[in-house]
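Below, each chain spelled out in residue letters.
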Amino acid sequence: MIEVQNLSKRYGRVTAVDDISFKVERGEILGFLGPNGAGKTTTMRILTGYMPATEGKAIVAGFDVFEQPIEAKRRTGYLPETPPLYPDTSVVDYLGFVARIKGVPAAERTQRIQQVMERTRITDVANRLCGKLSKGYRQRVGLAQAIIHNPDVLILDEPTAGLDPKQIIETRELIKELAGTHTIILSTHILPEVSQTCQRVVIINKGHVVAVDTPDNLTARLRGSETMYVQVDTSGADASAALSRLPGVTRVLEAERKDHYISYEIDSERGRDVRRDLARTIVSSGWGLLELRPMRMSLEDIFLSLTTDETQTPAAAGDAPPPETVATATDGAES
Amino acid sequence: MRNILAIAQKEIKAYFAGPIAYITLGVWALMYGWFFNALLQFFVRQSMQMNQFGMQGPQAMNVNQQMIRPLLQNVTVLILFVMPGITMRTYSEEKRSGTIELLLTSPLTDFEIIMGKFIGALTLYGVMLAVTLIHIGVLFVYGRPEWKPIVTAYVGMLLMGGCFISVGLFISSLTKNQIAAFMLTFGTFLLLWVITWIGSFAGPTIDKLTQYLSIVDHLDDFSKGVIDTTHVIYYLSFMTFGLFLTAKAVDSERWRG
Ligand SMILES: Nc1ncnc2c1ncn2[C@@H]1O[C@H](COP(=O)(O)OP(=O)(O)OP(=O)(O)O)[C@@H](O)[C@H]1O
Ligand SMILES: [Mg+2]
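The listed protein sequences derive, respectively, from chains D and S.
Convert by adding 15 to the 1-based position in the first sequence; the result is the number in my numbering.
Convert by adding 25 to the 1-based position in the second sequence; the result is the number in my numbering.
Next comes chain D alone, as it looks inside the complex (with noise of 0.2 Å):
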């Protein structure tokens, strides 16, 4: 349904996407993800036909978007990054607006804006000025802009990007809805809304992909290593030495220190479980175990963990990331 060849866009000297190539079959939810700045606006961008690209080919819906932009866009909605809203307008009479330029014939456009308006629950406001309305709303309106004249490709800019947590869950139920009838890509930074949402995530790093894959098999590849989080009270002696003796432990950081604890994180082999001897080991030298825990991996540290390591190809998948990603993981927080 959308296909991406050897996509590049460059701004000026910025390369802001390099040399991408995806695939989406019809029905699917892919989901985009990559920290700020990683190009994800850019290819929703070329995706629609907003802008060119500077390489490549894309193909939406049976058309290529630099060819047949028409046939094209008729066939796809998008909600960009900041709903597109005429703050003078209200609700209804956008809508109207937007399903006479998407092509939605003059008979079906009122019942069109009913449905639409029942579906992203905005009828409540259907009179009000889309100026006036809360984030939440817009991003409602924003929805119901995009789906109005029934397309069958949805390119969602961070859907769920300023809502309340009973609206994320909504806003993710009706994507899900969606699917199946619509192709969608939608882009975010959050882990937990891909792995809920999408079949297909492409993560995406300063233009490059880096991983195309399930969420799931996303998830399981990157838990190379399991990360435990250790608070000890050792009356000021080291423990890093004791606990990176352990077997199956293949590092240990100091995390933090205070007067009455000290506290570590320990990596150790994907598939051992190293609790027990952690515990063990504590306790029999005399010290006291404050806390002992699993350390999820936030989607900063999976990402990182992909993008920092520059050998580590998509095609290496089963192996297990060096140790260090962890180490560097904070240097290119801000990247």
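The set of hints was computed from the structure by calculation and includes no laboratory data.
No residue lacks a Cβ here, since even glycine has one placed at the ideal position from N, Cα and C.
Keep in mind that a hint or two might mislead.
Partner residues aside, some chain D positions facing chain S, computed with beta carbon under 10 Å [unchecked claim]: (1) G64; (2) K88; (3) V113.
Derived DEER-like restraints, expressed as beta-carbon distance ranges [unchecked claim]: (4) S:G162 <-> D:N142: 21 to 29 Å; (5) S:F136 <-> D:P180: 55 to 63 Å; (6) S:R279 <-> D:G118: 20 to 28 Å.
Following the hints, position chain S with the ligands against chain D.
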């Protein structure tokens, strides 16, 4: 055509939904009324003096020549001030608020968007001209002006306004800052207006050229009751050129991102 109409209607609604249309029309009506009154009083005083000297017949004051023609010339100056206010938001506002993303990702051609915006602005300008017709109507109640030069003058003003709008659209498409668009448009209009003065100091050849370039100079024949095709062609090609520049600007913006 359907799409052009949809955009044009949206534009007109936008003018009247915000303060722009009302401010523009208000300022316009006030200033126009002031010019009208001033000229009318001047005209009345003059014709009374003429009557005292007993001049009648062919020498008598002509409403069209002494009243309507100078009035419309002054109106041109007014348009210079008011028009940038109409065109400044056309593209700038869409860029600033991000609604340009909606337009450019909808199944519309650039031509349809530009024409829609052009027709929208031209419609508001048409409403402004209609307001002035009320005053002209007053002249018909109290006197017997010739209607033909008035009609041709309005045709000329509509054409001239179209030129100003095409320039305004182009400048608005260059920036997301409405104030900058206003200033730049106003400056350009002034330049197009005073260009003949510069020309008149610079020798006959340049004088001819600048006269040809001056949007305003082409209006004069219209207000004399003549529709000269050279002027019509001039205006139409000027408009086409302005709209063409707008299309180029929109397109190059798309490439630059
Ligand atoms: N109009 C532009 N002109 C110049 N550079 C741009 C422009 N738009 C984006 N960029 C640059 O291109 C890169 C990718 O930006 P993009 O907006 O696609 O990132 P993103 O993944 O959507 O980020 P975010 O998560 O913050 O929305 C960034 O380095 C950005 O600075
Ligand atoms: Mg973005």
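The hints, checked one at a time:
1. G64: At about 6 Å, which falls below the 10 Å cut-off, the nearest Cβ of chain S leaves the hint on G64 of chain D intact, so it holds.
2. K88: Hint holds; K88 of chain D Cβ to chain S Cβ min 4 Å, cut 10 Å.
3. V113: Because about 7 Å separates V113 of chain D from the closest Cβ in chain S, which is inside the 10 Å limit, the hint holds.
4. S:G162 <-> D:N142: 21 to 29 Å: violated, 39 Å
5. S:F136 <-> D:P180: 55 to 63 Å: violated, 45 Å
6. S:R279 <-> D:G118: 20 to 28 Å: Given a distance of about 21 Å, which is inside 20 to 28 Å, the answer is holds.
Hint violations for this structure: numbers 4, 5, all remaining hints satisfied.
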